[in-house]
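Asker: Take a look at the letters that make up each chain.
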Amino acid sequence: MTSPYQTLGVSEQATDADIKQAYLQRVKESPPDRDQQRFQLIQQAFETIKDQDSRLRYGLFQLPEADFDVLLDQAFRQTSAFKPLSADQFCQLLKAVPVEKVLESILASKSS
Amino acid sequence: MNEIIIGIDLGTTNSEVAIVENGKVHVITDAGNKLLPSFVGIDDNGKILVGETARNQYLIYPERTIKSIKRLMGQDTQVLMADKHYTPQEVSAIILKRLKAIAENYVGRSISKAVITVPAYFSDAQRQATHEAGQIAGLEVVRMINEPTAAALVYGSGQHESKRMLVYDLGGGTFDVSVVNVQAGVVEVLSSHGDNHLGGDDFDQQIINHIQAHIQAQHGIDVAEHSKAMARITRAAENAKLVLSDAPFAQIEEEYLLEQDGAPIHLTLELSRLLYEDMIEDYINATMDAVHIALKGAKLIASDIDEIILVGGSTRTPCVRERLFDEFGFEPHSEVDPDLCVAMGAATQAAMINGQNVDTVLVDVTPYTYGTSAMGYLDGAPYPFQFIPIIHKNSVLPTRKSEAFMTFQDGQRVVDVTVYQGEDPDALNNIEIGKFIVEDLQDVPAGNIITLTLDLDLNGMLHVSAREKATGLEKSITINNVISGFQEEELADAKQRINGLFDQQSSDENDAKPESATVAQARKLIKKAESLFDTASAEDKEDMVDLIETITDFLDSSDENALQDLVSRLNDIIYYLES
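Chain order of the listed sequences is W and U.
To convert, take the position in the first sequence, counting from 1, and add 949; that gives our numbering.
To convert, take the position in the second sequence, counting from 1, and add 36; that gives our numbering.
To be clear, the hints were calculated from the coordinates, so they are not data collected in a lab.
Just so it is clear, CB atoms sit at the ideal spot from N, CA and C, and this is done for glycine as well.
Worth double-checking, as some hints may not be accurate.
Claimed, not checked - Label-pair distances were calculated between CB atoms; the ranges are:
id : chain 1 : residue 1 : chain 2 : residue 2 : range
1  : U       : Asp446    : W       : Gly1008   : 26 to 34 Å
2  : W       : Lys977    : U       : Glu289    : 52 to 60 Å
3  : U       : Glu363    : W       : Arg983    : 35 to 43 Å
4  : U       : Leu116    : W       : Lys977    : 29 to 37 Å
5  : W       : Lys977    : U       : Pro368    : 49 to 57 Å
6  : W       : Arg983    : U       : Ala553    : 47 to 55 Å
7  : W       : Gly1008   : U       : Gly483    : 43 to 51 Å
8  : W       : Gly1008   : U       : Asp415    : 44 to 52 Å
9  : W       : Gln962    : U       : Ile337    : 42 to 50 Å
10 : W       : Arg983    : U       : Leu310    : 49 to 57 Å
11 : W       : Glu996    : U       : Lys564    : 47 to 55 Å
12 : W       : Lys977    : U       : Ile337    : 22 to 30 Å
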């Protein structure tokens, strides 16, 4: 699994400007009109590490892309016996759901 | 060699077609004009008119002529032209067919692919309708790109420093504003906003209202009941608007406009720019509000913008420049003709899709938020139609997002999914763009998981699918089928109908008829042969001149075989001379 840093070809110490420059260069090589999948990969990588906030979030939950559906399945599947998520899987689920959204729902439940 | 892809700006008032030739963008002229007025008409003999002739006919036969059809695109409606009904898609297709013919005439071979521009703020239904218009016209629409983005592509190519640009695109019927970052050969749209029913036509309408009120006050006549007089007033209003772009006053004069008790009524009215700018102030304010929304969407402020680009004929209104100057503190750019810029960008993108080397690539965003509704909360109270955004506005295209939902009743077998476009937390305040049903779900307790996936493609068109987790059961729709309801057969029928209209014409006027491949090849070889005249021996030259003469005679005949034979003989000589 390639990390977003590898996809863009930058070091983990790269600055915002470096990352942006690398992103643009990759886009120039693989514009959306030529290879959509490749472009989406680049775009996703860029959005994951484009600024300090996103890099921090990525750093905290530095896990390969979680398969949201599989995790949901495990958490909610009716047929099998109840089996709690492991800590690792819990982190993955957290990562799959945007942090803002989790916070939002916590705040909303507190206020109501 | 690759098949040619043309770039088309299908505008409310004017349309243009362009191609990239030897690395340069060329807007193709038709009888010396780069702009084809977006008018369609049927004349006395049932012949179809497109462009200037239709525009002229509008004055005499408004009931046989259609203007500004773009404003109706995406609506489930029909227009009446010479007692026959046409969908907006069909009328647009007539314009596209004409543009296609203009391009074919220029390049000398048939063309079947195009990049067509649409306003950035065009909705899914409007994009779908444009796509259908292309199909009816016999054009495969390989891509639809946003008009301000196309313009940015023209200004951005060959740009070496990085720059942030604001594209202000005020056309005949639509307004778009985009914030664009140009850097390292990438034109990156950061945000877009707009209004798909705001443009020069609205400005005209203000002047028309003014004239109507004037006639009502002077003569007590409601001129709206006289369609010919209204057509003349419409033209006069538009002309007055154009005059006011340069002059402080415009004289509106239409003699013998109407008759009252056997006496003619002449219209004479002076309109000052001041009064005109008063009339359109609300519209200009609305555009400035949109500018601010776009800036906010890009997380920028006015002073972050390095350049303003003006696109669209309506940006010639002086107060537009003034307001932008007040806001940003520098003069906007309009070096590239605001009327041609968009078509040029479309051609550039067409070349890029076609694999030609271009020095600039494009990354665009969607100006809309798409989502669905679900049981939820609104202002703290339970509410069945809470809007759940899935794709957020200003997301980079293409994009694909999923959201999981759970059934809320035990044994729930069916889920209705409605897809909305908008920003309001109450889904019912947003625009409903499609509805579909996920059926045959498992008979299980509440909490059955359904994954809804929204896919927004590079054309800005939405595809929706839903999946029941447990069974993997999939229901997929494209939003278009829900709204415009144009089925395959209907599309084919429409194509035939529009073709029929053109066939009637080409029988007695052959310039619009697309040429066969042989004819096109013949023309090309003749050109090539002529370029060899200087270097060829007298004998070879004489042979070629004879052949060219014979070929020219055969060009208009339908004897393809004879022509083919002559062409290959000419080809042999050229081959011999060149080797």
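Asker: Confirm or reject each hint.
Answerer: Hint-by-hint comparison with the structure:
| no. | hint | in the structure |
| --- | --- | --- |
| 1 | U:Asp446 to W:Gly1008: 26 to 34 Å | violated (43 Å) |
| 2 | W:Lys977 to U:Glu289: 52 to 60 Å | holds (56 Å) |
| 3 | U:Glu363 to W:Arg983: 35 to 43 Å | holds (37 Å) |
| 4 | U:Leu116 to W:Lys977: 29 to 37 Å | violated (50 Å) |
| 5 | W:Lys977 to U:Pro368: 49 to 57 Å | violated (28 Å) |
| 6 | W:Arg983 to U:Ala553: 47 to 55 Å | violated (29 Å) |
| 7 | W:Gly1008 to U:Gly483: 43 to 51 Å | violated (34 Å) |
| 8 | W:Gly1008 to U:Asp415: 44 to 52 Å | violated (37 Å) |
| 9 | W:Gln962 to U:Ile337: 42 to 50 Å | violated (30 Å) |
| 10 | W:Arg983 to U:Leu310: 49 to 57 Å | holds (52 Å) |
| 11 | W:Glu996 to U:Lys564: 47 to 55 Å | holds (52 Å) |
| 12 | W:Lys977 to U:Ile337: 22 to 30 Å | holds (28 Å) |
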